[in-house]
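Chains as they are written, first to last, in the working numbering: chain A, 1 to 189; chain B, 1 to 531.
One thing to keep in mind: the hints can contain errors.
Here are the in silico distance ranges between beta carbons for each label pair [as the list claims (entries may be wrong)]:
{"no.": "1", "chain 1": "B", "residue 1": "Q68", "chain 2": "A", "residue 2": "D155", "range": "47 to 53 Å"}
{"no.": "2", "chain 1": "A", "residue 1": "P140", "chain 2": "B", "residue 2": "L131", "range": "20 to 26 Å"}
{"no.": "3", "chain 1": "B", "residue 1": "W340", "chain 2": "A", "residue 2": "E3", "range": "28 to 34 Å"}
{"no.": "4", "chain 1": "B", "residue 1": "Q458", "chain 2": "A", "residue 2": "L33", "range": "53 to 59 Å"}
Quick look at which bits of chain B chain A covers, simulated, 3 or more residues with Cβ under 8 Å [said to hold, decoys possible]:
{"no.": "5", "stretch": "213-221"}
{"no.": "6", "stretch": "236-243"}
{"no.": "7", "stretch": "446-455"}
{"no.": "8", "stretch": "511-522"}
Think of the hints as simulated: they come from the structure by calculation, not from any bench. Owing to the predicted nature of the structure, the values given are computational and were not obtained by experimental measurement. Where is the CB? At the ideal position from N, CA and C, for every residue including glycine.
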Amino acid sequence: MNEAANRRLALKLAGIALGMFGFGYALVPFYELVCEYTGLGGRTGVISEADAAAEGVDPDRRVNVEFDTNVNGTLPWKFASVQRRISVHPGALTEVNFVAQNTSTRQIVGQAVPSVTPAKAAPYFNKTECFCFTQQTLAPGERREMPVRFVVGPDLPAGVSTVTLSYTFFEAPGPTVGIESAAAGEDSG
Amino acid sequence: MSDAVMHGHEHHDHHPTGWKRWLFTTNHKDIGTLYLTLALVMFFVGGAMAMVIRLELMHPGLQYVDPQFFNSMATLHALVMIFGVVMPGTVGFANWLIPMMIGAPDMALPRLNNWSFWILPFAFSLLLLTLFLPGGGPAGGWTLYPPLMLQTGAAMPFVIFAIHFMGASSIMGSINIIATIFNMRAPGMTFMRLPLFVWTWLITSFLLIATIPVLAGAVTMLLTDKYFGTSFFNAAGGGDPVLFQHVFWFFGHPEVYILILPSFGIVSQILPTFSRKPLFGYESMVYATASIAFLSFFVWAHHKFTVGMPLAGELFFMYATMSIAVPTGVKVFNWIATMWRGSLTFETPMLFAIAFVVLFTIGGFSGLMLGITPADFQYHDTYFVVAHFHYVLVTGAVFGMLGGVYYWLPKWTGHMYDETLGKWHFWLSAISVNVLFFPQHFLGLAGMPRRIPDYALQFAEWNFISSIGGFVFGLSQLLFLYIIVKCIRAGAKASDQVWDGAHGLEWTLPSPPPYHSFVSPPMVTDATAHS
Chain A
1 MNEAANRRLA LKLAGIALGM FGFGYALVPF YELVCEYTGL GGRTGVISEA DAAAEGVDPD
61 RRVNVEFDTN VNGTLPWKFA SVQRRISVHP GALTEVNFVA QNTSTRQIVG QAVPSVTPAK
121 AAPYFNKTEC FCFTQQTLAP GERREMPVRF VVGPDLPAGV STVTLSYTFF EAPGPTVGIE
181 SAAAGEDSG
Chain B
1 MSDAVMHGHE HHDHHPTGWK RWLFTTNHKD IGTLYLTLAL VMFFVGGAMA MVIRLELMHP
61 GLQYVDPQFF NSMATLHALV MIFGVVMPGT VGFANWLIPM MIGAPDMALP RLNNWSFWIL
121 PFAFSLLLLT LFLPGGGPAG GWTLYPPLML QTGAAMPFVI FAIHFMGASS IMGSINIIAT
181 IFNMRAPGMT FMRLPLFVWT WLITSFLLIA TIPVLAGAVT MLLTDKYFGT SFFNAAGGGD
241 PVLFQHVFWF FGHPEVYILI LPSFGIVSQI LPTFSRKPLF GYESMVYATA SIAFLSFFVW
301 AHHKFTVGMP LAGELFFMYA TMSIAVPTGV KVFNWIATMW RGSLTFETPM LFAIAFVVLF
361 TIGGFSGLML GITPADFQYH DTYFVVAHFH YVLVTGAVFG MLGGVYYWLP KWTGHMYDET
421 LGKWHFWLSA ISVNVLFFPQ HFLGLAGMPR RIPDYALQFA EWNFISSIGG FVFGLSQLLF
481 LYIIVKCIRA GAKASDQVWD GAHGLEWTLP SPPPYHSFVS PPMVTDATAH S
């Protein structure tokens with residue numbers, strides 16, 4: 001009798017443990033949601049040209065947008081923004097340019113990851129076009145100028161006067177030559 | 001003739017002899033001994049690593065080991081001490097004591113018990129063998145943060161599988177403990193009559209079942225990120241390394257209470273005995289322990305205030321962290337109130353228990369300082385953090401366990417340990433551990449980062465003093481080993497009662513207790529229940 005009760009309880013408890021293993025994985029999409037909602041991690045959003053045009057321009061307010069570029073680890077690329085800092089009206093669709101160059105003698109696939117500071121500005125920073133939406137493949141020595149079209153939402157919190165958009169180029173995860181890296185990953189913006 | 005009768009009657013006492021007895025045993029006392037022995041061995045393995053760390057840090061500059069090896073020493077020291085000493089050690093106490101304290105003949109699931117112990121030697125072989133692999137052992141810190149952890153060489157899968165094994169062992173052990181406490185209590189042993197050690201282990205078991213699987217998930221994600229192309233923590237693939245820190249500390253903060261709660265229980269057994277008074281505020285002790293465990297799920301982000309989070313998040317985690325000081329304060333108050341106007345005597349277990357109360361409280365206070373978000377930006381990843389968690393883990397969890405060993409060793413072995421040597425061990429440990437860790441507060445406040453093999457010259461003096469304390473503390477533990485061996489082999493015969501102020505079912509059994517105790521359950525009344 002006792003043994004059966006012990007076994008039943010043990011199975012229930014093992015079930016809880018199994019459930020908590022799943023909970024650990026469930027934290028991944030949950031974290032994504034929290035990031036999207038709060039701007040944690042500086043995630044930027046994507047909107048269509050039509051939606052961007054529909055946002056009312058606030059001609060009385062100016063926001064500084066600064067650009068920061070980084071190349072991760074051993075990726076043999078040069079990467080810079082053409083403009084370092086511009087001033088925009090919230091709601092106005094603006095285009096800026098970035099330049100990447102492959103300085104190595106092999107073809108490399110790169111993936112840029114954006115981040116916006118301060119985090120509370122991130123939910124209001126949306127892009128209609130960005131080289132970070134897809135992976136970029138550069139031939140040896142190839143130089144590429146890449147546009148980014150963005151709009152800072154007119155409802156950007158009042159205290160924010162400067163927004164910094166930062167990009168880091170990574171070697172795309174995938175079966176590339178040379179560096180030992182994680183195998184085929186998925187495209188993502 | 002009577003021998004034959006006895007044999008026929010006590011055929012349960014038959015068990016394989018030699019190594020087979022230990023390999024196949026399902027007896028809670030044998031398995032408790034195995035756990036405690038493993039913890040003791042690992043205590044010296046992890047301790048040897050600490051000696052390497054303190055040796056290198058004794059003087060500025062790189063003297064004895066290269067930085068990569070230094071970092072793997074720091075990483076393995078933590079993993080061994082947490083998963084190899086405190087966790088198996090307290091499970092050893094649980095195995096030995098819980099059945100005897102609640103009047104049960106054995107653990108509820110004896111075969112599972114055997115299995116949960118015997119996967120541990122394999123886990124630690126895997127972990128320690130990584131030192132001999134190309135690229136060396138894991139060197140990214142015990143918190144295994146990516147992307148640094150993902151740069152580990154051949155050691156990486158070994159470390160992760162070792163953690164899986166340790167986790168599986170902990171979960172099985174916890175299931176067993178909960179089933180034992182729920183289903184195997186003697187008649188009259190109601191929940192509110194359980195000794196406090198049993199209560200703390202019941203709550204610890206639930207913490208383990210809820211959080212160890214989350215750790216298992218996190219390290220599995222690391223494994224698939226490195227070898228199977230997932231991008232949970234790989235920014236280039238759309239992941240986020242900060243996510244790992246959230247998942248890890250969701251496990252990590254309850255884990256620190258997993259490490260300390262059993263020692264809370266041990267101290268709550270020792271103090272009443274040598275104060276010759278019942279434990280002050282038994283019910284509030286139970287509720288405080290449960291509150292600490294519950295709150296531990298909502299404070300994880302205080303380990304990484306500097307990672308960047310909204311102000312609201314920083315405030316929430318700061319206040320939640322501070323609120324844990326309330327139930328912890330209740331416990332410290334009750335321990336002191338237990339001693340208040342008691343007829344105190346200062347045998348070795350009592351000395352360790354009193355030192356626990358004082359020194360754990362110091363560690364608690366430095367924890368409160370770290371919990372203040374704006375202050376944490378200065379303290380984060382400095383030696384102040386190192387000093388803090390060594391106060392709560394060494395002078396907290398480990399001192400509680402050392403006191404517990406002295407307290408129950410006469411019961412387990414039937415011999416009294418050498419009281420004079422025990423007192424020497426205590427005073428050497430208590431003084432040297434403060435020489436070892438107190439200066440680290442100053443180093444941290446002055447800005448010395450943790451996990452570095454070399455440092456600026458301004459930190460030289462305190463590091464030298466800290467290292468001297470470390471060597472004395474390390475050597476003192478050899479005395480502990482000698483005392484245990486001496487006590488097992490010989491010593492004055494211990495009475496059943498052992499300590500005149502001790503209460504509880506385990507003291508009604510002979511010293512040492514028979515291989516199978518409480519085969520017929522005792523009747524528990526208020527008089528024979530907890531002190």
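Comparing the hints with the structure gives:
no.: 1; hint: B:Q68 <-> A:D155: 47 to 53 Å; verdict: holds (51 Å)
no.: 2; hint: A:P140 <-> B:L131: 20 to 26 Å; verdict: violated (41 Å)
no.: 3; hint: B:W340 <-> A:E3: 28 to 34 Å; verdict: violated (46 Å)
no.: 4; hint: B:Q458 <-> A:L33: 53 to 59 Å; verdict: violated (46 Å)
no.: 5; hint: 213-221; verdict: holds (count 7)
no.: 6; hint: 236-243; verdict: holds (count 6)
no.: 7; hint: 446-455; verdict: violated (count 0)
no.: 8; hint: 511-522; verdict: violated (count 0)
Consistency with the previously given hints fails for numbers 2, 3, 4, 7 and 8, ordered from lowest to highest.
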